[in-house]
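K.L.:
Here are the chains, one letter per residue:
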Amino acid sequence: MSNAILTTNKLCKTFSSGGLQQHVLKNLDLEINKGDFTVIMGPSGAGKSTLLYALSGMDKPTLGDVYFGGREIGKLSNDKLAVFRRDNCGFVFQQMYLLDNMSILDNIMASGLLVNKNRKAVAKRGKELLARLNIDEPTWRKFPAQVSGGEAQRAGIARALINNPKIVFADEPTGALNSANGEAVLDALTEVNRSGQSVIMVTHDLKSARRGNRILYLRDGVIHGECELGRYESGSYERHDKLNAFLSEMGW
Amino acid sequence: MRSIYMLATANIRKNKSQSVSLLIFVLIASALLCVGIVLLTGINAFFDSKGVERNAPHIYVLASQDADKDGISRYIKDYPGVTQTETLELVGGMGQFTAGSTTSTGYIFFSRADEKQLMDAPALIDMGDDNLILQGDAAYLPGFMLESDGGKIGEEFQASLYGAELNFTIAGATEEITFGSPMNTVYRIYVPDERFDEIAAAMPMGETTMISARLSDYSDAEQFQQDFSSDMPQDGVILQSSYLLAKQARTTFPTIVSILVVAFAVILLAVSLIIIHFRIVNSIQESMINIGTLKAVGYKSSQIVISMTMQFGLITLAGGILGLGVAQVFIPIVANILRPQLSLEWVPGFNPGAAAVSLGFMLLTVLLITYLSSIKIKKLHPLIALRGGITTHNFKKNVFPLEKARGSLSFLLALKQIFTAKRQAVMMGIIMMAVAVAVVMGLTLHYSMNVNTEGFIRGFFGEVPEVSLVLKDSTYGKDFPERIAQHPDVRKVFGFETGTVSLNIDGTDNNPSIVEDCALMEGNMLIEGQYPVHSNEIALGSSTARVLDKGAGDFVMVEANGNGTEEQYLVTGVVQYTNNVGFNGLITGDAIRRLLPDYEFYGYNIYLNEDVDIDSFIEDVKAREGDIFMSTSNTLSMIDVILSSMSGIVVMVAIGIVAITLVVVVLALYMVIKTIVIRRRRELGTQKALGYTTLQLMNQIALNLTPSILIGIAAGIVIGCVGFNPLVAAMMTGMGIVKADLPLPMAWLGTAGIALILLSYAVSMLIAVRIRKISAYALVSE
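The listed protein sequences derive, respectively, from chains X and A. In the numbering used here, each residue's number is its place in the first sequence (first place is 1) plus 7. In the numbering used here, each residue's number is its place in the second sequence (first place is 1) plus 1470.
Bear in mind the hints are in silico, worked out from the structure with no lab data behind them. Heads up, a few of these hints could be off.
Claimed, not checked - Which residues of chain X face chain A? A few of them, derived with a C-beta cut under 10 Å, are:
no. : residue
1   : G25
2   : Y60
3   : M65
4   : K87
5   : R92
6   : L105
7   : M109
8   : S110
9   : K127
10  : A167
11  : N170
Note that the Cβ used here is the ideal one computed from N, Cα and C, for glycine as well.
Looking at chain A on its own, in the form it has when it is part of the complex:
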């Protein structure tokens, strides 16, 4: 065993620089894998542990003064499985707030800071000694608002509700489970008692009661929401939501990011394995005479194979352990990057399970590939090995004969070399393909979420008008649409509501969107068939269609709000949007009235002319119409808040992918070219002796790799482009997205492809320049 260990370490020492390059590959892959696994397995568990720690409510209802608060409270207390309830008085509503340079829209509720809360009590984020005393106009804001450029302690903070401007001084930041995430755009601000009373007195229409409860099993929250919608009158109910939805909203995107990190780690691992295979095959060829000598002096094939396996196993072990160390540095950084999404401070510690899985997986795959690659040693006869494996040279066809082939000499010699070293060309092509796929993914994700967000918004948020209004009473709606349509800024208006009616479709529970006239919609929700038109038609949500295995042309039985009336509907198509994880659908107002004859629209989508200031329009409509709205939303601004919390993460992921990709390109080229120079040392020396200049030889080496790099990158870009949208859809299936149609930044991708090719060529030339220092004599004689 000692002799095998000596052989292995001698080989590592002999190829120091290549061993170090390989070690870096393994290090990066192992670090990424560990980070990905920690995130993937840790996010949900962390959120749940925080939920328990904070005693977070599993369900809650925000009821305005018009609601039957006592009835709602009784319903919740009596609901099966409820273990604890709490009622809190809040004041607020839909509004806008400006902190630092960021203006956002959402539900803003003020709460008394000194009021004792049983559930999800505000937890002040530790800011050292910076927190101010909560008095006067001081307020505690949700923590995410203070991150990036959202404001600092001691700075001013403005909120605009019901036409009034409220000014505060930021005294500290809180984090909580129920509210305070940009993903669900409901925020709670804690103020001193006196300030709370002032606000409540200034805006009586904003008085809100929050009734919350914990369940014995929080997965029953979904059923509660459906039951509550059908059992209780919804008049005056501002919002009802659950722990499940909060968790889903905050953890879905971080989970997607984690999957991306793991996927990228697997790509890197695949690249490492390809390179290890290449190194072993070359190592066998380079050491052919040594292998012959070892066999001749009595080493068994298995001992030589084990020494190879040990050689790469030791490199992997060292790289893997270093990678785990690097991961421990990066995990808190990545967790911090995900903080705007989680809106909770997460400091994952050392996770021995994730570390063991990462290291074990790396070792197993590397050892397996090493063993499989080196097994050919067993078939090698010692005499053939001693002759340098000469029988392995079997050139059948002289490709590109110089007498007939056209092209420059360097180019033709490079082409000949490609055919001589086909495996090397294929390997380089595969590596560059993997790299190009990763670059396409990173750039396209960044482009879709930061540059051209139209496709993302239209594809995943469903129907997105400029303004969304909810009336307090449906009777206001009798002539409201006609009146608002006359407004000079309005282009279009129609009734549109989501989640106000619960539909049971063939046994599945759904929260559909109800639309006055689907023909007026501008979004991109349809993924199959067409929108419903007639009163006996319905479009199913993507998850509903998948579970029921039904599509356009099928019939379904539908019941609304559990009222016992069932009607048959023709499925006209399938729609997708993220609401209720794809158990949603689309139905017209006339169609819903077959089940709920008294159904009237409370919610309206308003589309404005170009260049109209949305906030001014809302203020103008409120002034004209008076106090008839339950809520008025600048939809685009709300989506902006959600997108901006995602975009920072996407930028970091894209930068990470591109940076690591560049390292991979340089390392892979270094290892391959180093091998080429070693393997073709004598050949290059001969050419140098014959009068080839260093530049010609460098060009020959670089050109030798260029076709495979070019084909690999082109194939990678094509695969990336074709695969990007299906991959996004696959990652978002849990959110009810089955088809993605995000725009591909072709100009970016083309430029990136060209840049990668040029970079590869430049790096190849730079690495090949080492032969400049070697004289022809040395190249031949060594």
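In isolation and in its complexed conformation, chain X is listed as follows:
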């Protein structure tokens, strides 16, 4: 029996502008397994973010299919996709995209209340998540512009987790953070994955990529290669070397 949570079948994404067409994803066949921490790497313009958003139902494929747990999502209406995302997906963005007119806690609750109408229960879970992600209580009441980048990104992770998603999509989650904050965010994502949730992360960063157990290398809209690293353990040099070798092979 297949363990796949996400499957694509000849997935294509083409952008058109001024009569010109750019084929960003080309006939991708892909399977993402439940519980995996999948990392998508590749050079700039390879189509990493496009793939991430096509897999997550944020954007529709031009051709081909995307199946989530056996359900084809690529042809759902925008509203059905919205409901699909709120029920199944969590998102962590490079620029956080917290709503700047809401407190940190409200940002998380604004997501949670979409699924669970029980205000107290949502608030309780939001606070638990924030505490688990090492955001102290006074910060819950602050606005995004008043907290550090790391805190904002961890709040973004808490928001992604509020509805207990089956899969978390992260697009360059440490791209805008310094090293210490980046590590904290990666720890949080690793912790999420350990608790059983699948994670798909796009990154340029080698240290970030090391957190995944499966690395996909994308170039010119096709998967050029993949590498199984095994589960992340702190201080594992073997995984580090394996990843380096793989990326060298890919021409990184």
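Following the hints, position chain A against chain X.
P.N.:
Same frame as chain X, now just chain A:
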């Protein structure tokens, strides 16, 4: 300078749809302003130029066969300042006429079409080749009668005078200065000589002499009228009037309409300025990084400010010029709408002065507001600008925390957004308030003059009985009131006259109403104190009270008809009605006899039981009483003629206001929502990514605006209701009205308010639907 121009035009191109919306706003405001100014400055000048062109008489007296015609003629010829006189023979009197589907009451006089007239000779309105030859029963009618449904050339026309029915064929239409306006209900019909002789032979009691004169200064006409009233016996004088009164009667309402148009243009301009301010503030926020970049590469703040000013200046210039073009199309249409009131064909041409003032005013205000709004750029540090103005974000309080606040998620998020964008909410509220005020004004005006006219009639026409009778001789009046009171249709009768006596009150000249017993009056003339009861009491006219600064409790010295006898009277109150532009007043018969001991009533107000046919009653009384009346008037019918000439204009004005208002609502919402979607693009994208449906986001945007729309409309309706009557009074001050009490159509206004809110919500949803087409990815990534 070229680089600044490039910046300005680049910004216009970047925000094409918003620039077009703004251009439409400016276009409408500029067009309305130009139309209003042309009307406001043109009406009086046009009337005066027509007066000169037609050599219109400045004063005239209509004398019956009982009058001392030679004496009157001599008096007028010898009156100081008279430069030209003319005597014409007419035949007619108070009667009714039916043309097309319209039946009207008024003074109808027939005149010989072939008689040479020095003053105000009939001018045939050009109907192409349609005019018929004037022979047989053909007649030329006043032009206004042929407009709307008042009859057509070749159709039948009936007049009813002295119990006789006269039938004519409409051969053409005339326009003149002295007669022929529904506002003074005196009409002259031109017939061939033979027909004139027939009519004169059939109704000898209708033979009338018209003695008219031109003065070296027509403003002396008022003094002439007062002198004539006091110097000459009034027996047999049907009517004496002046150019001034004709001008006032015809131009006052068009002037009020012009003021309304200008006021509405100013409201629109204010809305445009608010939106321009909003656009600039948003433009600064949206272009924060661009501004930082420009400053970083060496642009001076003033250059960026000038580019903003140029951007909106260019839009205003384009919109303003287009507006002037639109105004040139609409000015003749509006002039034509006002034609029933003016009763003259007015085709205003291009007025460069009005165009320059409109465009100049628009440009100046827009440039000023643009400059003031964009001046904050000067204080913006390039580094802060490059960071997207991040220091400007200063949220102190988390309003409506989701953990505690009650309500649906969309509603709470909308509330949060309102507090985040307070200025936007205030702006929307102000716009909707202005719009609601305009709607209240338009609807209430229409309601008061077309639907429930009771308040208008009672408030402005003074005492309005069903029938007004004037006896030929006061001796008939000795037992007439008792006799007529016995008539089964009569509810009430009392002596009532206006303008038959001239009173000098503390140096002011007045034409008061003289009432047998004020307690019997049913009108709503009193605006202060109470009606006079005793013989030493008087109520002042509104203008008299204002000029003398006197009211209830004060004393005044009064002299009647300049006879040298002066008596002191106690002012019991202040009354208002339009006669003699508020220099009128109210005094009892007993009180006037202190000054004129022989005073007797000629005029009587007769009030009928419900459902009595007024015209039949008049015919019945004439048949019973015989030839004792100088005139018999169906007062309500006469007022109907006046009202109907106003009501068409009011309907057009109301429709215009409501239509433009709807355009304003749609455009304002479009501009605001477009800005919201652009400004909150990323936020909306994030919410979409998190699982918010398009409908939830659309609702959020619409709900975000709803409280300010709701409060704005409610405030606008309240302000409109509170301000409507004072505004009407202010506009009618020139007519002697200082207090208006017109009914407010609360059910209409409530419905209009709800409709505006629903429309705004629907339009908001419709405009916000554009985010449906944008994927969450696009919303986040763009």
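K.L.:
So which of the earlier hints does this model not fit?
P.N.:
Hint 1 contradicted; others consistent.
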